[in-house]
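Sequence lines, in order, name chains A and B.
Numbering-wise, our numbering puts 934 at position 24 of the first sequence, and it's gapless, one number per residue.
Numbering-wise, our numbering puts 1053 at position 143 of the second sequence, and it's gapless, one number per residue.
Fair warning: there could be bad hints in the mix.
[Claimed, not checked] Facing chain B, from chain A, some residues (calculated, C-beta under 10 Å):
hint, residue
1, P1178
2, G1182
3, D1201
[To be verified] Partial selection, computed: residues in chain B whose CB lies under 10 Å from chain A:
hint, residue
4, M948
5, T982
6, G991
7, I1020
8, M1089
9, N1097
10, A1144
11, L1152
12, F1153
13, H1164
14, P1168
15, A1194
16, R1227
17, R1234
[To be verified] Simulated DEER-style distance windows between Cβ atoms:
hint, chain 1, residue 1, chain 2, residue 2, range
18, B, A1196, A, A914, 44 to 52 Å
19, B, A1209, A, R978, 29 to 37 Å
20, A, P1110, B, A1209, 48 to 56 Å
No lab work stands behind these hints, which were simulated from the structure alone.
In this text the structure is predicted, and so the values were computed from the model without any measurement.
Glycine is no exception: its CB is placed at the ideal position from the N, C-alpha and C atoms.
For reference, the chains in residue letters:
2 protein chains.
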Amino acid sequence: MTSAILVDATQLEASVRAALRNAGASDESVDATTRALMHASRVGVDSHGVRLVPHYCKVMAGGRVNPRPNVTVKRTAAATGTVDGDNGPGHLTSYRAAAFAVELAREGGIGAVGAVRSSHLGAAGAYAVAIADAGMIGFATTNTDSVVGLFDGTKAFHGTNPLAFAAPVAGEKPWLLDMATSSIPMNRVLLYRSLAQTLPEGVAADTSGHATRDPHAAEMLLPLGGEGYGFKGAALAGVATLFTGILNGTTLDHEFIPMVGDVDVSTPRNMGHFFLAIDPERFAGAALFADGMRRYLDALRSVPPVEGGRVMAPGDREWDVETRRAAEGIPVDPDTARFLGLSDPA
Amino acid sequence: MTSAILVDATQLEASVRAALRNAGASDESVDATTRALMHASRVGVDSHGVRLVPHYCKVMAGGRVNPRPNVTVKRTAAATGTVDGDNGPGHLTSYRAAAFAVELAREGGIGAVGAVRSSHLGAAGAYAVAIADAGMIGFATTNTDSVVGLFDGTKAFHGTNPLAFAAPVAGEKPWLLDMATSSIPMNRVLLYRSLAQTLPEGVAADTSGHATRDPHAAEMLLPLGGEGYGFKGAALAGVATLFTGILNGTTLDHEFIPMVGDVDVSTPRNMGHFFLAIDPERFAGAALFADGMRRYLDALRSVPPVEGGRVMAPGDREWDVETRRAAEGIPVDPDTARFLGLSDPA
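Build the full structure now, drawing on both the sequences and the hints.
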């Protein structure tokens, strides 16, 4: 990222679309994947943004991901349903499932949708935000392949298993939490490795299961809470597995073909996700909800910060980045820029 | 706790009932509060177990908690409802709400219930377990008064705001996660203070907002994730506030009369909770769910532990404690034992 170039969002979006179309993706697949990647790149979640385009093109070419899926939606009860992704892009399945959850919640007060035969969905927050944009509390989660250790365990077991929540805020962008249940992502370890820097404490472990600050010795991530309280982060990762792989009968974290590396890219991974939409109208009502959110955010933002710090509500950082990038452009790393035809080939 | 006495569960339960009845609680209030407190004391969550009986008796005498409430249930849509606790014991309202969520989920696939005009509910896990015992995934949460700091903040803002999840496991006690969104509870700080011991790193902060290991300097708890990643724990605390105070239009964390201390015990606190029940039958089906849970737990428990450690699934520790205490008795601290008439008055 040292020589990332800044690209205008409109131009970047067009390049992403072209690359996905070129890889054979159907119109609706192109739309959904581009929307999800641009969300992540706009708000600064670069690990889950446009840098994934080459990967998605590769797995569509390989057969792991079906570029032209026939996604089907099934209602299973008054407030629940499932979406079968037909092994297509996780983004298409996930936006479909999020919209379905909202539809169910309009009628039932809450809607819960499980996705099966899906694939990597990018940033889970994209779908929580889509639900919040419909005026509801949104929750989105997925499991992924094993890279995070258990508390007191000597090998990776859970994925980075994100929990994403969003809620509408009157006159503002949504309240947004999109967190991995590890302290840092694996990419961060690789970055420290390439920079030959020492890792922060309690974020990664070696093969003995003990925390290490040597990025070369790091074999797995530690769950949120680190060496002292990582049992909480590990259990939260398990919540993601419970709501996705176990509830949907899809692949469990430890059963996944790894996402990246020298691995099979021809076999679909049958990834499961879970989406929840809750309509405030069926609880205190939209007006009281908006008032509570306002009092909450005003009080939170008025807490005096530590010297040199800033007290932020979940999402404040992301929406700040979005504003800055709208003005300055979105940073794209050299490899991805080259792949997208945004820079001269090296 | 140094001179705690071990009391047989049946005898302890009878003493708790007698004390609550003596404080004027209605039969259903006695039943619900006793059930919740005994759950916590059986599984080792002593901070939320029978030691709270004197507190509950005090707030019922003071008027904060209505000992004989008329709890009412209202369906607001196909899969949602609210429970008005009439300012009674939080346990009664919460068990009622959890049962209502299950009832809604039987029909709608998922059921979400918000509780209003409630009070302290003890351990949130008690209600998640009640839902799991009905064969569903359960989620229970509440907000509480401010004792936990924000990331980079200089004063307490959120409560310890628990997130509790439980899920049925064929042939075993439920998968159970009942976690505060701080690393440790405030009681633990007080314990370190009385023992004049140094606190673990990153669990508490002083008035400047910086982490401290001096229990006497500790003014607030730090959110899960500590100094480096506490923004995640703080946001998870916010999730609890979002689903309870904001969604239900009840008291926000920073607006609460503190639970304990030299405070008003005559004014009801209008505490809100939230409960979710999800029926696996409407997703992959109960058989596939049970199979996934089995594969998940078997794989998790077969991960080799670090030297001297033990790899546990969420709940394993709690149910082990339950088994041990069923044989050996439940430890009751001297003050509570005296209050319950289980030891000679000092």
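(request) Compare the structure with the hints numbered earlier in the document and write down the numbers of the violated ones, lowest to highest. (result) Those not satisfied are hints 1, 4, 5, 9, 14, 17, 20.
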